[in-house]
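Participant: Residue-level listing of the chains:
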Amino acid sequence: MMIWVILMMMTALAVMAVLWPLSRAVAVAGQTDPNTQFYRDQIAEIDRDRERGTLLPEEAEAAKAEAARRLLRASGLKEGEAFAVGEPALRRRRAVSTLALSVLPIVALAIYGAYGSPHLLSEPPGAQLRQGAGNGAGNLDLGTAVAQIEAHLAKQPQDGRGWDVVAPVYLRMGRTEDAVKAYESALRYLGRDATRLANYGEALVISRDGMVTAEAQAAFQEALAIDNSSAKARLYLARAAEQDGQMAKAKAEYQAILSASPPDAPWRSFVQDQIARIDGNQGGPIQEVGERPDANAIAGMVQGLANRLDAQGGSPDEWARLMRSYVVLGQRDKAVAATKRAREALAQDAAGLRTIDAMAQDLKLTESSP
Amino acid sequence: MTRKIRTRKTRRLTLIAVAGCVLAVALGLVLYAMNDTIVFFNSPADVQAKNVAPGTRFRLGGLVKEGSVRRGDKQHVEFEVMDAQSSIHVQYQGLLPDLFREGQGIVAEGRLEASGLFRADTVLAKHDENYMPREVADALKRQGHWQGETHPPQQAQQN
Amino acid sequence: MLVEAGHFALALALGLSLIQFVVPLWGARANDPVLMSVAPTTALAVLACVGFAFLTLTYAYISSDFSVLNVVENSHSAKPLIYKISGVWGNHEGSMLLWVLILCLFGGVVALAKNTVPMRLQANTLAVQAAITVAFLLFILMTSNPFRRLVPAAAEGQDLNPLLQDPGLAIHPPLLYVGYVGFSISFAFACAALIDGRIDAVWARIVRPWTLAAWCFLTLGIAMGSYWAYYELGWGGWWFWDPVENASLMPWLAGTALVHSTVVMEKRDALKVWTILLAILTFSLSLLGTFLVRSGVLTSVHSFAVDPERGTFILGILVIFIGGSLALFAWRAPLLQQGGLFAPISREGALVVNNLFLASACATVFIGTLYPLALEVLTGDKISVGAPFFNATFLPLIVPLLLLLPLGQTLAWKRGNLLGTVQRLYAVFGASILVVLAVLAFTYGGPVLAPFGIGLGVYLVLGSFNEIVTRSWTRGKPLSVAWIKARGLPRSTWGTVFAHAGVGLVVLGISATAWDVESLGTMKPGDRIGAGPYQLRLERIVPRQEANYREDAALFRVDRNGRELGTVESMKRLYVTRGMPTTEAGILTFGLSQVYVSLGEMQPNGSVGVRLYYKPLVLLIWLGAVVMAFGGALSLTDRRLRIAAPARNRAAPPIAPVPAE
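The listed protein sequences correspond, in order, to chains A, B and C. Here the UniProt record's numbering is used: the first residue of the first sequence is 1, the next is one more, and so on. Here the UniProt record's numbering is used: the first residue of the second sequence is 1, the next is one more, and so on. Here the UniProt record's numbering is used: the first residue of the third sequence is 1, the next is one more, and so on.
Please note that a few of the clues may not be correct.
Straight-line Cα separation of at most 20 angstroms, EDC-like style, residue types lysine to aspartate or glutamate; simulated pairs [said to hold, decoys possible]:
id : chain 1 : residue 1 : chain 2 : residue 2
1  : C       : Lys485    : A       : Asp49
2  : C       : Lys485    : A       : Glu51
3  : B       : Lys50     : C       : Glu518
Simulated coverage check for chain B against chain C, where a stretch passes if three residues somewhere in it have a Cβ under 8 angstroms from a Cβ of chain C [what the hints assert, rightly or not]:
id : segment
4  : 7-21
5  : 24-34
6  : 66-77
7  : 95-102
Don't read these hints as lab results, they were simulated from the structure. Heads up, the beta-carbon is just placed ideally off N, CA and C, and yes, glycines get one too.
This is chain A alone, in the form it adopts within the complex (with noise of 0.2 angstroms):
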């Protein structure tokens, strides 16, 4: 409501400004000639030079007799043209008023109503909305936007800036394949530059559930190669070494990461971490490198895992991380249940069926037990 009262306000100044000089009386009239001025000034600058010496007597005259001449026309004229007054002047002024009052605003309005946002008035500043997208809150907003964004790809798919801005977003709310697509696509039309490289394994790993498979580690190390500086890459690679059991190599890269980086990175607290981790139990859940993802986020994903396995199915080591994953979220009847859909799932598959049987083990989830 404010602001409608701020656009009233702001058309009312402007047609002051034109409504002010028609109500002064006619003193603007006494303005000295800037034509007679000039001239007069001319002549007296002809004086001077001749005093000075840069002009010769009878130049001077000549000049001046010029000058006066024109002088006298230009007063000449001046006089002819008497300032118009009276009945008609004022029906003028009235019509000019009238005109002011009128097409102003009507012009205004118009043009802003037909080009302007004014529906956006009433609502919350763009600043709220933005700040809305970020959290759970904005899911809604977020989602029309990426719908935008779908909308222009598919019209464009080559539109490389396009899927960059995307895949982050796609990360964000749980569409990890999508993500994956979106950064091969950035990758493709933009370049394979060392950021985008380490973004993209980052989304192939967290679409593996946490796991550095050997597309994410090729990705990686040629994000290495450009840029032996990318800490994502770098942390990735370490933590695809602890995967593969080797402990020793992945503490010295984690070392050499802290080595490096600068005091404040903001990295440093999760690798320190990560190498008391190694020195300690050499176990545990694997969390989250980079930013780490909160409870529902993990349980986000968890739960993609869970619907990709059982639409699609996947190997004995992916459902046994699903089962994992359940018991570290404190969920055992679901980590039971997973257990008894990836048997039947791998029925066919002696050496799955023996991970699984490992896994259920390990996590004391055997059907017999309670």
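Assemble the complex: chain A is given as a structure, and chains B and C must be docked to it using the hints.
Facilitator: Relative to chain A, chains B and C alone:
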């Protein structure tokens, strides 16, 4: 009085004559330069279709063929410029523009040799995030090869 | 909310401009001072509205309000503050808003010049000015609206084109626009004079400072843009005869002619009709430049046809204003009074020759810029008209002009004595020829034409200052007397001398490019490369990560004959958001010369392509332009140019009789 009018007239005539001379010289220079210094733009398909004579200076535009870029020492570069129909082998020595890369559009200026090799002395890539020099984009559009970039390109460059 | 208020202010400015267009014209016709006095107040109100709109857009950029489409497309929250601000005009929509803001700013200054400009002239001028404002406000609101909103707001912006993230580009467009748009005032004054059917010396006296100010800014703007291209594009070139550059060169040439013809008109009351025509043509060329750059017609005739909205709109504006003003000229110019007489050999005659050559040179640039576009539209053939064309047409027209320049500057008004003038320049001729011979001998076997260029530059500089010497120094008198006399010369004389000497410096700088040395190489850390007397050693290549880009910086150590002179760094940058690579040239300045190094591609084996230039005296090119603009500014501060301000009675020392100036 008549003398004054006559001087006014003769002076005006001199002025017009001098102006005419200068303008004639300018026109002559322009016509001469038009014959001599103007460079045509061709895509690889145009080069074949028009049978461009070897030794003619022209601008060659198209996409850098994927996997065709070979670098020698002393910054010798060889690559192929292609369009939908054909491709031409290009040799160049010097620094390539920032936006030169495989699969992107470029314009090379130079001469065609009898062997069919194009020896370029300038390689341009448009400073524009779409990586597409306009002649190349137009040529490819003519061939129905490229649909990208429908939003008006930004020319904030220098103005 | 603020953004919407800014948008509304723009709509309001449109309404106000309409009134500012209609009412003063009506008032001037009916000779009603009250109606005419509406012009200044509305002009100020329009300025307030457009200024407010511009501020709100700037605020949206600074606060990274990604609910504004324009901000999303051209900004990024991680961008440094200065580029957030310069991003406002680093794009089409914002730069058009800046264009209109400057237009209104000039209108506001005319509105405030109440006591110096005759009322009718002021009313008519502001009305013409308002017509231009209306056209461009409509253009902005309908086709290039910077206030379009994005619902819902984007999470992050797409960043400004990295090439534009540069301090040079932050100030280049405003300078250039002040130049372009400044000529709109000359145009508006010319149209006002035609509408009124009256033109006299006071007109020239009023118009001249405006034209001169616009010319100074345009000169600086072009120089700035040229220097930017030199160090940012990484090619070591400073002028490319690119259509975008030509678009600013054409108004500059016409504006230079205009600055000179207004002198004739002010001093001698001659060349009136031509001056009016030139004022119209100069602004028309500014409009044409805006059209070429803003419609996308240069980027692609094709894209112009596909997205015709903007292009056709500006084309419409172009046709209406150029066609309209020329029609007005054809209709009213015969009514104007004949000007004064002068002999062909006189200062006026020399200035006519100046105008003639500048206009012809401008015409060749015009043809070279537009011919390819016309040909493409007509036959579909694509040609490129580049440096060879302009070297073959532009230079032969400019060189005679430069040769005549010191002569014209020395000639007397009304009736000159050619022989006497030449005699006064004997020393200058002699010195210049000596310089040519010395340079030829010194650089034997090098470029042949360049020494003559150097000679021409020296001739221009000396020829300009010769005026001061001959007017203040007499044989046998001590130098201190000459100095006092020289200081007593009017500032407009000094301005002329500096501006012309600036031209000479530019010629020197350009001629010296013939001695540029270029070397290419692929280098690993520890390798050496040389150019001219300088040797560079690649020390190391360091990767770096900044807020919005990543770069590989190569550090070079520079020495000359084994003596170490310092280090220079050249960078290969990648702007992450746009995925766009750029090269940052490393430049080390020694006096007026520079060593310029730029990086090529990083090779997989750790080596890097390097292009190295030694550019002797290259800084003179831009320094000369700055000196030219300084001369213009000096001339502006001369009291005699300020309108109706009573001339100061300075106790001037007696001066030997010289031609009236």
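Participant: Each hint needs a verdict: does it hold in this structure or not?
Facilitator: Results for each hint:
Distance check on the hinted pair: Lys485/C and Asp49/A sit about 15 angstroms apart at the alpha-carbon level, within 20 angstroms; holds. Our distance criterion of 20 angstroms between C-alpha atoms is met by Lys485/C and Glu51/A, whose separation comes to about 16 angstroms. Using a Cα cut-off of 20 angstroms, the hinted pair Lys50/B and Glu518/C is violated, with the two alpha carbons roughly 36 angstroms apart. With 7 residues having a Cβ less than 8 angstroms from any Cβ of chain C, the segment 7-21 of chain B passes the three-residue criterion, so the hint holds.
For the segment 24-34 of chain B, the stated coverage by chain C is satisfied: 7 residues place a CB nearer than 8 angstroms to a CB of that chain, which reaches the threshold of 3. For a cut-off of 8 angstroms, the count of residues in the segment 66-77 of chain B with a CB near a CB of chain C stands at 4, and the three-residue condition holds. Coverage of the segment 95-102 of chain B by chain C holds. Counting CB-CB distances below 8 angstroms, 4 residues qualify, and the rule asks for three or more.
Hint 3 alone, counting from the list given before, is not met by this structure.
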